[in-house]
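S.K.: Take a look at the letters that make up each chain.
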Amino acid sequence: MPSAVPFWRDPKKRAIVFQIVILLLVFGIAYVLFSNTQANLRRQSIATGFGFLKAESGFEIGESVIPYSSADTYGRALLAGALNTLKVSFIGIVLTTILGVFIGIARLSHNWLVSRLASVFIEVMQNIPVLLQLFFWYAIFYEAFPAPRQALNPLPGIFLCNRGLILAVPASHPAHLPMLIALFAALASWWLLARWARRLQDLTGRTFPVVRVGLSLCLLLPALVWLAYGAPTALDVPVLRGFNFQGGVTVSPEFGALLIGLVLYTSAFVAEIVRAGIQAVTRGQIEAAMSIGLRPAQVLRLVVMPQALRVIIPPLTSQMLNLTKNSSLAIAIGFADFVSVANTTINQTGQAIEGVALIMAVYLCFSLSTSLFMNWYNKKMALVER
Amino acid sequence: MNQQNSTATREHLKPPVTEIGVLGWIRQNLFNSWFNSLLTVLALYGLYMTIPPLFKWAFADSLWFGSPDACRDIDGACWSIIPSNARFIFFGFFPEDQQWRPLTAMILLFVLVFHTQNRRSWNRALFPIWTCGLVVMGWLMHGGLGLPVVETAKWSGLPLTLMLSLFGMVGAYPLGILLALGRRSKLPAIHSLCVLYIELIRGVPLISMLFMSSIMFPLFLPEGINIDKVLRAQVAIILFTAAYIAEVVRGGLQAIPKGQYEAADSLGLNYGQAMRLIILPQALKIVIPPSVGILISAFKDTSLVVIIALYDVLKTTKVTLSNPEWMGFSSEAYLSLALLYFIFCYAMSSYSRKLEKALHTGH
Numbered sequence: 001m002p003s004a005v006p007f008w009r010d011p012k013k014r015a016i017v018f019q020i021v022i023l024l025l026v027f028g029i030a031y032v033l034f035s036n037t038q039a040n041l042r043r044q045s046i047a048t049g050f051g052f053l054k055a056e057s058g059f060e061i062g063e064s065v066i067p068y069s070s071a072d073t074y075g076r077a078l079l080a081g082a083l084n085t086l087k088v089s090f091i092g093i094v095l096t097t098i099l100g101v102f103i104g105i106a107r108l109s110h111n112w113l114v115s116r117l118a119s120v121f122i123e124v125m126q127n128i129p130v131l132l133q134l135f136f137w138y139a140i141f142y143e144a145f146p147a148p149r150q151a152l153n154p155l156p157g158i159f160l161c162n163r164g165l166i167l168a169v170p171a172s173h174p175a176h177l178p179m180l181i182a183l184f185a186a187l188a189s190w191w192l193l194a195r196w197a198r199r200l201q202d203l204t205g206r207t208f209p210v211v212r213v214g215l216s217l218c219l220l221l222p223a224l225v226w227l228a229y230g231a232p233t234a235l236d237v238p239v240l241r242g243f244n245f246q247g248g249v250t251v252s253p254e255f256g257a258l259l260i261g262l263v264l265y266t267s268a269f270v271a272e273i274v275r276a277g278i279q280a281v282t283r284g285q286i287e288a289a290m291s292i293g294l295r296p297a298q299v300l301r302l303v304v305m306p307q308a309l310r311v312i313i314p315p316l317t318s319q320m321l322n323l324t325k326n327s328s329l330a331i332a333i334g335f336a337d338f339v340s341v342a343n344t345t346i347n348q349t350g351q352a353i354e355g356v357a358l359i360m361a362v363y364l365c366f367s368l369s370t371s372l373f374m375n376w377y378n379k380k381m382a383l384v385e386r
Numbered sequence: 387m388n389q390q391n392s393t394a395t396r397e398h399l400k401p402p403v404t405e406i407g408v409l410g411w412i413r414q415n416l417f418n419s420w421f422n423s424l425l426t427v428l429a430l431y432g433l434y435m436t437i438p439p440l441f442k443w444a445f446a447d448s449l450w451f452g453s454p455d456a457c458r459d460i461d462g463a464c465w466s467i468i469p470s471n472a473r474f475i476f477f478g479f480f481p482e483d484q485q486w487r488p489l490t491a492m493i494l495l496f497v498l499v500f501h502t503q504n505r506r507s508w509n510r511a512l513f514p515i516w517t518c519g520l521v522v523m524g525w526l527m528h529g530g531l532g533l534p535v536v537e538t539a540k541w542s543g544l545p546l547t548l549m550l551s552l553f554g555m556v557g558a559y560p561l562g563i564l565l566a567l568g569r570r571s572k573l574p575a576i577h578s579l580c581v582l583y584i585e586l587i588r589g590v591p592l593i594s595m596l597f598m599s600s601i602m603f604p605l606f607l608p609e610g611i612n613i614d615k616v617l618r619a620q621v622a623i624i625l626f627t628a629a630y631i632a633e634v635v636r637g638g639l640q641a642i643p644k645g646q647y648e649a650a651d652s653l654g655l656n657y658g659q660a661m662r663l664i665i666l667p668q669a670l671k672i673v674i675p676p677s678v679g680i681l682i683s684a685f686k687d688t689s690l691v692v693i694i695a696l697y698d699v700l701k702t703t704k705v706t707l708s709n710p711e712w713m714g715f716s717s718e719a720y721l722s723l724a725l726l727y728f729i730f731c732y733a734m735s736s737y738s739r740k741l742e743k744a745l746h747t748g749h
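Top to bottom, those sequences are chains A and B.
If you read the first sequence in the numbering used here, its first letter stands for residue 1, the second for the next number, and so on.
If you read the second sequence in the numbering used here, its first letter stands for residue 387, the second for the next number, and so on.
Treat each hint with caution, since some may be false.
[What the hints assert, rightly or not] DSSO-like cross-link-like pairs, simulated, lysine-lysine; straight-line CA separation at most 30 Å: (1) B:Lys572 to A:Lys12; (2) B:Lys540 to B:Lys644; (3) B:Lys740 to A:Lys12; (4) B:Lys644 to A:Lys379; (5) B:Lys671 to B:Lys572; (6) B:Lys740 to B:Lys644; (7) A:Lys13 to B:Lys644; (8) B:Lys740 to A:Lys13; (9) B:Lys572 to A:Lys380; (10) B:Lys644 to A:Lys380; (11) B:Lys572 to A:Lys379.
Hints listed in this document are in silico derivations from the structure and should not be mistaken for laboratory results.
Work out the full structure: start from the sequences and follow the hints.
M.R.: Below, the structure is given as structure tokens:
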């Protein structure tokens with residue numbers, strides 16, 4: 001009879017008691033910390049809350065995607081910082097993926113020299129702290145590169161000096177916006193074309209060269225718009241004026257060092273993931289694909305890649321997330337990313353709790369959205385089993 | 387007869403020189419198709435363009451011992467920044483007459499690690515040996531009992547780096563195991579608390595935890611109680627690493643077949659006994675190699691304490707570089723430091739690979 005069992009011998013009741021004790025303990029600790037904090041804040045007369053976001057910041061930010069000056073609010077400064085984080089992460093992720101895939105394939109090359117070089121690269125980059133790499137690249141920018149007057153000029157229109165990398169870009173022209181729209185239109189029609197081609201193949205078995213048509217659309221449509229606007233070719237070439245360059249696009253040493261460091265470090269990990277993913281596809285799969293008469297390119301596209309990607313994508317996204325989190329090291333070399341701006345804000349306002357909470361919230365947003373994507377992808381890619 | 391003869395000749399016929407030996411190897415591995423030949427030529431050209439100037443800079447034209455003034459006269463690398471400042475870079479602000487203590491502690495650590503890397507010494511004695519070792523190291527660093535006390539604010543350089551990662555790992559492991567067990571638990575409150583903790587920590591960068599320890603943590607404590615900076619950073623590293631260890635251990639727990647849990651239950655073991663005697667010994671064995679991976683990243687991540695102004699080996703190097711005498715030799719200093727980190731991390735990662743092979747007792 002249940003009533004005959006004393007409650008401390010009943011696993012179910014014991015579990016409930018145990019959980020209540022743990023919860024009480026956790027909430028107790030939280031309460032003690034909270035009340036301590038309240039007392040400390042009162043003593044140091046720090047106002048709590050996010051009201052400081054509306055106050056004038058009074059500090060400059062080295063570079064920003066949106067217009068920002070020291071007369072703007074802390075909120076806008078933090079937004080500029082967050083956008084800088086997104087910028088460096090986005091460019092970093094694109095470059096890391098390209099370089100990582102390239103090195104991962106090089107690691108598998110039958111060419112002894114190439115695969116050895118790739119593995120040396122992977123070992124060296126993986127085993128040196130990323131912060132040290134950032135310091136190194138930053139020092140290279142500042143110490144090894146000359147002043148703007150003696151700037152290195154490896155290719156026409158490209159200047160390397162201790163103020164960063166200065167590039168010539170096409171001068172802004174009204175044709176650029178329509179060209180961008182044309183590119184997006186081409187991408188959209190590529191997508192529609194791919195859907196139509198898949199249906200065509202399902203219904204009739206006939207194939208359609210989607211990639212070739214899509215790529216040529218992407219090139220042709222913007223080119224046509226460009227021609228329609230009279231083919232503007234004017235370049236905004238950087239010119240040395242006084243002590244610095246005017247015109248062109250400048251990649252600051254901070255941004256450059258951060259990007260190089262993050263990309264080299266993360267691409268070593270990505271290369272290992274790509275290698276493992278490709279090696280995970282069994283030899284029999286490739287042989288089977290060849291024996292049903294697929295061409296090598298088709299073997300790669302239809303048999304190897306879909307299986308390798310299933311292995312590659314989950315650890316790849318976690319590396320992308322790592323890159324985003326590591327971009328917070330920007331603070332050490334003075335690039336104004338979110339953490340760096342938040343740190344300045346904390347130092348100026350004393351709002352340590354709110355500042356750290358904001359940092360955590362922003363990065364949690366990044367990682368939660370990534371894991372949502374991962375869940376969606378895993379569901380989409382899950383093997384359909386009987 | 388004729389046929390026999392021809393076989394004999396065929397046997398005596400040597401393979402063509404281009405298929406065996408060095409030449410054959412080169413042909414097969416470097417020039418087996420036009421594309422590979424092109425790659426080889428390109429790679430060789432790249433090496434030719436980079437290695438000789440680098441060699442000239444690093445060795446031929448370099449200065450290994452000497453004053454900074456002598457360094458400014460040469461074109462090559464000025465490695466003498468390291469030997470000239472070795473004491474400060476390795477031991478930082480530790481009192482100079484007491485620097486034998488961190489040195490002894492580090493040697494003790496290396497002896498312990500060397501002892502542990504041999505799998506034959508993995509027995510019951512290992513735990514007490516390490517406990518004694520850690521206590522002795524702590525005593526050497528901190529002092530007391532006959533040695534003058536050196537407060538933690540003066541701990542710096544390589545000992546600090548090693549200590550933060552070692553104690554980070556030692557402290558994080560039990561916490562990580564508890565979190566992993568909690569995440570696997572069927573009790574909803576425990577499960578959700580552990581999931582919340584693990585996902586929260588894994589979602590934020592270490593630097594935010596360090597900020598928390600350096601600027602937020604003092605607000606948590608009642609008035610008058612002050613925990614020093616090194617210890618706070620150590621706690622942050624432990625809390626951070628524990629979440630990653632929890633995920634690794636969870637992987638190990640999941641890999642244990644259900645039958646093992648059921649067998650433990652049917653023997654009448656309670657939860658604690660089942661975990662301690664049946665499940666954890668098997669699960670922890672599986673997760674040794676990935677744990678070494680976490681140790682490596684913890685070791686690399688300790689360099690982040692630079693940002694909250696702790697004087698680990700990276701910070702002491704930076705301080706040396708900010709000395710006007712030695713300004714401008716960053717590449718040499720950072721490369722030497724990179725070599726140091728590389729040796730540690732590479733040793734650990736190749737050991738973990740070896741271990742993975744040795745422990746792979748499955749099919």
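S.K.: Look at each hint and say if it fits the structure.
M.R.: Tested hints:
1. Only pairs whose Cα atoms come within 30 Å are accepted, and B:Lys572 paired with A:Lys12 is accepted, the gap being roughly 11 Å.
2. About 51 Å separates the Cα atoms of B:Lys540 and B:Lys644, which puts this hinted pair outside 30 Å; it is violated.
3. Pair hint B:Lys740 plus A:Lys12 does not hold up; C-alpha atoms about 45 Å apart against a cutoff of 30 Å.
4. A distance of roughly 25 Å separates the Cα atoms of B:Lys644 and A:Lys379; the hinted pair therefore holds under the 30 Å criterion.
5. The straight-line distance between the Cα atoms of B:Lys671 and B:Lys572 is roughly 24 Å, inside the 30 Å bound, and the hint therefore holds.
6. Taken as a hint, the B:Lys740 and B:Lys644 pair is honoured in the structure, with Cα atoms around 29 Å apart against an allowance of 30 Å.
7. Annotation: proposed proximity of A:Lys13 to B:Lys644 holds, straight-line Cα distance about 25 Å (limit 30 Å).
8. Using a Cα cut-off of 30 Å, the hinted pair B:Lys740 and A:Lys13 is violated, with the two alpha carbons roughly 48 Å apart.
9. Our distance criterion of 30 Å between C-alpha atoms is met by B:Lys572 and A:Lys380, whose separation comes to about 29 Å.
10. For the given pair, B:Lys644 sits about 28 Å from A:Lys380 by alpha-carbon distance, which is consistent with the 30 Å threshold.
11. At most 30 Å may separate the alpha-carbon atoms for a hinted pair to count; B:Lys572 and A:Lys379 meet this at roughly 25 Å.
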